[in-house]
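Protein chains in written order, with our numbering: chain A, 9 to 212; chain B, 793 to 842.
Quick caveat, the hints were computed from the structure, so don't treat them as lab data. Beta carbons are placed, not taken as given, at the ideal position from N, Cα and C, and that holds for glycine. Possibly wrong hints are sitting among the right ones.
[Stated by the list, open to error] The following residues of chain A were derived to be distant from chain B, with all beta-carbon distances above 10 Å: (1) Gly-27; (2) Pro-45; (3) Ala-63; (4) Ser-64; (5) Ala-71; (6) Pro-77; (7) Ala-127; (8) Glu-167; (9) Lys-188.
[Unchecked claim] Restraint-style ranges between C-beta atoms, simulated for each label pair: (10) Thr-137(A) / Ile-825(B): 49 to 55 Å; (11) Gln-198(A) / Ala-822(B): 45 to 51 Å; (12) Thr-137(A) / Gln-800(B): 25 to 31 Å.
[What the hints assert, rightly or not] Here are the simulated lysine-lysine pairs, DSS-like style, with alpha carbons at most 25 Å apart: (13) Lys-188(A) / Lys-133(A); (14) Lys-29(A) / Lys-827(B); (15) Lys-827(B) / Lys-175(A); (16) Lys-802(B) / Lys-133(A); (17) Lys-802(B) / Lys-161(A); (18) Lys-115(A) / Lys-175(A); (19) Lys-73(A) / Lys-161(A).
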Amino acid sequence: MRSFWFPTWLAQPAALVEGSKLIDAPPHRLTFEDVAPEAVERDLVVLHTSTPSFASDVRTAEAFKERKPGLKIGMIGAKVAVQPEESLRASTAIDFVARNEFDFTIKEVAEGRHLADIAGLSWRKPDGTIRAQRGSRRPRKHGRSAFVTPVYKRDLVVENYFGGYLKHPYISFYTGRGCKSRCSFCLWPQTIGGPPLPHRASAT
Amino acid sequence: MGQNGLSQVKEFFFDDDTLTDNLPRVEELAREIGKLGIVWSWQRQGQRPA
């Protein structure tokens, strides 16, 4: 069965960064050659990675860097949140990884702030050494998830997404963060993590 | 939500794992969505609220 979920997490920093573009290649059947010209036009590329896709994502980052050595490339996702140093050591094509509440971290990177001044970031210095901002968690002062539906409309073909138990076409999104429980078997406390926060107001 | 130019959408899925943790909020949300007459769905851990 064809099943594609919306890139809910990558869409959130995309919604916060003016002039961004959200690319979700598999459901749109885009190849590397389709995506690469767009990527090398940019100053900053952020890839959402995962443990099973990491090796492939690293090859993609390296291929972007070959075409544009000055391109800044970062990664987000549970894999790099849990293993920031190991991930950075995997390839010099990765300039930084953003841990935990990465959407606001990425916003600050896109604004051109010095990497050493951005909470929740691990990065590679020009001399090759790897540095991490002190404190593993970014303070959750912002709380709510970004409003992503304008980004979906701008950058995605919603008909390309399918969920087996949802009507077609559908959209999915998050409206809140965190959880009051700290279940030891759950992925989220150790990745996105943090305490519960106010949800988006129902009016929005 | 249809005002955002996604009028073709037939179902709105709240991916929040903890949507129903805040009962007053989810009731308010349900009443507002009810007025819109749209199909919506959500996730929820398998436990009753305390």
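Status of each hint after checking the structure:
1. Here Gly-27(A) stays apart from chain B, with its beta-carbon at least about 19 Å from theirs, past the 10 Å limit.
2. Distance check on Pro-45(A): its Cβ is at least 27 Å (rounded) from any Cβ of chain B, clearing the 10 Å threshold; non-interface status holds.
3. A cut-off of 10 Å between C-beta atoms confirms that Ala-63(A) is not in contact with chain B; the least separation is 27 Å.
4. With a least CB separation of 24 Å from chain B, Ser-64(A) remains clear of the 10 Å interface cut-off, as annotated.
5. With a least CB separation of 31 Å from chain B, Ala-71(A) remains clear of the 10 Å interface cut-off, as annotated.
6. For Pro-77(A), the condition that its CB be more than 10 Å from all CB atoms of chain B holds, with the nearest at approximately 37 Å.
7. For Ala-127(A), the condition that its CB be more than 10 Å from all CB atoms of chain B holds, with the nearest at approximately 24 Å.
8. With a least CB separation of 7 Å from chain B, Glu-167(A) falls inside the 10 Å interface cut-off, contrary to its annotation.
9. For Lys-188(A), the non-interface assignment is contradicted: its Cβ lies about 6 Å from the closest Cβ of chain B, within the 10 Å cut-off.
10. Our hint of 49 to 55 Å for Thr-137(A) and Ile-825(B) holds, since their Cβ atoms are close to 51 Å apart.
11. In this structure the supplied range 45 to 51 Å is violated for Gln-198(A) paired with Ala-822(B), their Cβ-Cβ distance being about 31 Å.
12. Judged by the Cβ atoms, the range 25 to 31 Å given for Thr-137(A) and Gln-800(B) is violated: they are separated by roughly 50 Å.
13. At most 25 Å may separate the alpha-carbon atoms for a hinted pair to count; Lys-188(A) and Lys-133(A) exceed this at roughly 37 Å.
14. Under the criterion of a C-alpha separation no larger than 25 Å, the hint pairing Lys-29(A) with Lys-827(B) is inconsistent with the structure, at around 33 Å.
15. A distance of roughly 20 Å separates the Cα atoms of Lys-827(B) and Lys-175(A); the hinted pair therefore holds under the 25 Å criterion.
16. In summary, the hint linking Lys-802(B) to Lys-133(A) is not supported, as the alpha carbons are separated by about 48 Å, beyond the 25 Å threshold.
17. At most 25 Å may separate the alpha-carbon atoms for a hinted pair to count; Lys-802(B) and Lys-161(A) meet this at roughly 15 Å.
18. Distance check on the hinted pair: Lys-115(A) and Lys-175(A) sit about 33 Å apart at the alpha-carbon level, beyond 25 Å; violated.
19. Under the criterion of a C-alpha separation no larger than 25 Å, the hint pairing Lys-73(A) with Lys-161(A) is inconsistent with the structure, at around 29 Å.
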